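Colleague: Given next are the chains, with one letter for each unit.
2 protein chains.
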Amino acid sequence: MKVYIIGIGLIGGSFALDVKENFPEAKVFGIDASEPHISKAKELKLISESAVMADLKNADVVFIAVPVDASIEVTKKVLDEIGENTLVIDAGSTKSKLCAAVSEHAKRRNFLAAHPISGTEYSGPEAAIPDLFRGKTNIICEVEKTAFKLQERAMEIFSKLGMRIRYMDPESHDRHIAYVSHLSHISSFMLGKTVLEKEKNERDIFDLAGSGFASTVRLAKSSPAMWSPIFQQNKENVLETLNEYIHNLTQFKTLIENEDFEEVFKEMERTNHIKSILNGIN
Amino acid sequence: MKVYIIGIGLIGGSFALDVKENFPEAKVFGIDASEPHISKAKELKLISESAVMADLKNADVVFIAVPVDASIEVTKKVLDEIGENTLVIDAGSTKSKLCAAVSEHAKRRNFLAAHPISGTEYSGPEAAIPDLFRGKTNIICEVEKTAFKLQERAMEIFSKLGMRIRYMDPESHDRHIAYVSHLSHISSFMLGKTVLEKEKNERDIFDLAGSGFASTVRLAKSSPAMWSPIFQQNKENVLETLNEYIHNLTQFKTLIENEDFEEVFKEMERTNHIKSILNGIN
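If you read the protein sequences in the order shown, they are chains C and F.
Heads up: the first sequence runs through residues 1 to 282, numbered per UniProt numbering.
Heads up: the second sequence runs through residues 1 to 282, numbered per UniProt numbering.
Keep in mind the hints are simulated off the structure, nothing from the lab.
Don't take every hint at face value.
A pair counts as met if it fits within one copy or between any two copies, since identical chains are not told apart.
Stated by the list, open to error - Computed list of lysine to aspartate or glutamate pairs in EDC-like fashion (alpha-carbon distance at most 16 Å, straight line):
#1 Lys136 - Glu262
#2 Lys275 - Glu197
#3 Lys253 - Glu236
#4 Lys275 - Glu263
Source: prediction; values computed, not measured.
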């Protein structure tokens with residue numbers, strides 16, 4: 001099996017590691033706009049060789065893991081280049097615009113739109129880790145538009161890598177993921193900003209911050225090059241979540257201002273209920 | 001050494017475990033308003049015996065770990081009861097109001113105001129864990145108001161438990177901690193609320209949420225009985241942090257609305273700088 005990975009960062013590189021581990025006969029090639037990324041990916045043995053777009057006609061699988069502002073053009077170009085039996089998987093965090101962009105492509109049936117809900121706050125080839133996808137949910141959109149044989153090939157890979165599969169239309173995906181992923185990143189970035197602005201003497205932050213702060217602000221380490229295009233592509237949904245979040249914060253602030261601490265208590269008690277939901281997530 | 005712990009929850013119970021581990025000759029007694037907490041604490045061997053306030057005249061150390069709305073009255077009562085050489089430590093998350101309330105007490109020199117920056121999102125005696133305080137910062141306020149010999153006794157305990165000591169006046173403590181702890185809890189609770197409200201079908205949250213969401217919303221599991229009084233006591237500082245947080249979120253929202261994704265990128269890039277600060281926190 002010849003696997004070509006476009007974008008050898010955290011997701012692409014981790015996918016490469018798992019493919020090599022689970023399919024010993026597979027040969028993994030890398031394509032990346034960044035020459036240092038390619039060198040690093042070779043050095044870390046994420047990929048065997050670098051490749052170019054014209055090589056894709058020989059590919060069994062192409063896995064696209066680039067920032068979402070690049071993925072539409074990259075995916076179209078990939079579909080133009082591949083052979084009849086190549087499976088193309090995109091792993092980006094937004095799905096509506098991409099699915100719309102390729103809907104009329106002659107090779108649409110070679111394409112599978114996916115979103116493995118996995119990652120860390122780090123990026124680049126050095127961030128790749130084995131078994132990143134094990135036990136994680138992988139959302140697949142418009143599965144019916146992918147050729148059945150290529151669906152099977154994808155499922156075999158996802159299954160070996162340990163992913164749980166869920167099916168969803170791209171619009172629902174983007175709406176839901178705005179709440180459980182995109183909003184978390186903004187809340188974390190703005191929390192980080194608020195504290196950094198206030199505490200010019202960084203030593204003070206460091207000394208006073210505990211594990212709770214570290215946990216809520218962890219996502220503020222994430223890559224702007226990845227996240228800015230996500231907010232752009234999912235603008236309407238992200239704005240909706242932000243409006244609701246700001247509304248809830250403002251309401252909570254008013255409760256404190258009015259010294260209605262009975263209601264402050266109740267607000268928190270109602271939200272405590274999230275415990276039972278979170279217990280299944282790691 | 002006779003150690004009396006008032007409030008055998010996460011903090012009091014964890015302190016009990018560490019005292020028993022590090023001072024094998026110590027005898028640990030428990031006082032708690034909740035009878036089930038006392039029973040549980042005995043069953044879990046956090047304490048040897050339960051006690052009452054009148055017993056405190058024999059105490060070498062009293063460690064107060066109750067919600068901050070109770071701690072002022074509890075601390076005053078404790079100071080009324082103790083002997084000449086008893087050390088009284090309070091471990092609550094706000095310090096200004098408590099320090100002011102005991103400033104004129106005849107036994108003020110027996111009292112040490114502390115805040116070990118440690119804990120988890122869980123509460124109650126079952127949440128107690130060994131070594132909770134190791135490597136964590138312990139803020140001490142108004143150290144000069146505590147008798148020198150009792151300071152020494154406190155430092156010996158804190159040192160054996162592995163805490164890093166920092167000194168701060170109570171007002172600075174409350175102002176800084178509003179940013180790095182109290183605000184994080186509100187941002188997390190309101191994030192949890194926003195998502196819960198939207199996703200009535202909880203199965204969808206569970207399936208789509210990854211480790212990033214779990215991390216930012218973790219503190220929404222925290223105890224309302226602990227946190228509502230903290231927001232009450234530190235109202236002015238908490239409102240200031242909330243105003244700035246809401247302001248930053250609104251500004252970020254406006255950037256997205258105006259499609260100024262260059263500035264969205266820069267905002268995140270500037271905040272990325274928090275990486276270097278967070279690396280030392282676990």
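Colleague: If a hint holds in the structure, say so; if it doesn't, say that too.
Modeller: Results of checking the hints against the structure:
For a Cα distance limit of 16 Å, the shortest separation of Lys136 from Glu262 qualifies neither inside one copy, at 39 Å, nor across copies, at 32 Å. Taking the closest pair of Cα atoms, Lys275 and Glu197 come within 16 Å of each other only across two copies (15 Å); inside a single copy the shortest separation is 32 Å, beyond that limit. For the identical chains of this complex, Lys253 and Glu236 are inter-copy neighbours only, at 11 Å across copies versus 26 Å inside a copy, given an alpha-carbon limit of 16 Å. For the identical chains of this complex, Lys275 and Glu263 are neighbours neither inside a copy (20 Å) nor across copies (36 Å), given an alpha-carbon limit of 16 Å.
Hints 1 and 4, counting from the list given before, are not met by this structure.
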